[in-house]
Amino acid sequence: MQPNILLQGAPSTVEVDGAPVPINCDWRTGIRAMQAMDDPRLGRNDKARVIIALYYGRWDKGIFMVPEAARTAAAMESAVRFFALCEPRKPEGAPGSRAASRARLWDWDFDAPRVIADFQREYGIDLTEPKLDMHWWRFWSLFRELSDTSKTMQAIGIRGARPSRNMGENEKKQLLERQRELALPARTEDEALKLTNMIWEIA
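Mapping to the numbering used here: the sequence shown position 43 is 43, numbers consecutive.
Warning: the hint list may mix true and false statements.
What the hints assert, rightly or not - Using 25 Å as the maximum straight-line C-alpha spacing, the simulated PhoX-like pairs for lysine-lysine come out as follows:
1) 131 x 61
2) 172 x 151
3) 194 x 172
4) 173 x 194
5) 173 x 151
6) 131 x 172
Since the hints were made in silico from the structure, they are not lab data.
Let's have the full structure, built from the sequences with the hints guiding it.
Spelled out as structure tokens, the structure:
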């Protein structure tokens with residue numbers, strides 16, 4: 001059952017094999033987890049190790065430790081569920097699911113100025129404040145509810161848009177031009193090729 005954050009508050013532990021285990025719930029941890037999952041240099045196992053370390057790792061007398069209880073597949077599953085705010089998974093291919101959209105829509109390094117400005121403008125929250133203490137569930141709820149006029153949502157919407165049959169040639173060209181303006185830096189040869197193809201489509 002999905003917890004009600006309004007009534008129960010945001011959790012600081014997750015259940016692993018029936019026992020509560022402390023989890024790093026800071027909003028920056030969630031962003032670092034997303035960066036790890038989106039890193040093309042990391043393999044599947046490497047990504048899992050990074051996620052486990054991010055969410056369960058603790059410093060103890062100058063030594064970084066990951067509890068034994070957190071080094072399991074169940075702990076990984078609990079971390080992923082926590083990251084997703086314990087919301088039900090969308091079926092593969094459903095709108096908004098990972099399989100439904102393979103386009104790269106966001107980069108936390110490249111797009112940092114957008115989200116910083118949007119949070120300041122819409123919520124009065126300064127994300128650059130080093131001492132900002134905010135639970136991941138609160139941050140992610142606020143991020144997803146940024147207005148359609150925010151720079152963040154505009155960039156995501158334009159990058160993920162696809163020309164429709166009802167569009168005229170001029171509309172299609174304008175969309176491609178906006179996508180080129182907002183294109184994310186290529187990290188791999190495949191991404192570089194796609195970026196080059198986009199430029200040639202406009203030329």
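Against the 25 Å threshold, does the CA-CA distance of residue 131 and residue 61 hold or violate the hint? holds (22 Å)
Would you check the hint for residue 131 and residue 172, treating anything up to 25 Å between C-alpha atoms as holding? With a Cα-Cα distance of about 45 Å, the restraint between residue 131 and residue 172 is violated, given a limit of 25 Å.
Are the Cα atoms of residue 173 and residue 151 separated by 25 Å or less? holds (21 Å)
For the pair supplied as a hint, residue 173 and residue 194, confirm whether the alpha-carbon distance does not exceed 25 Å. This hinted pair holds, its Cα atoms lying about 17 Å apart.
Can the restraint linking residue 194 and residue 172 be considered satisfied, given a maximum Cα separation of 25 Å? Judged against 25 Å, a Cα distance of about 17 Å means the pair holds.
Residue 172 paired with residue 151 [C-alpha distance capped at 25 Å]: holds (21 Å)
The structure fails hint 6 only (numbered hints given earlier).
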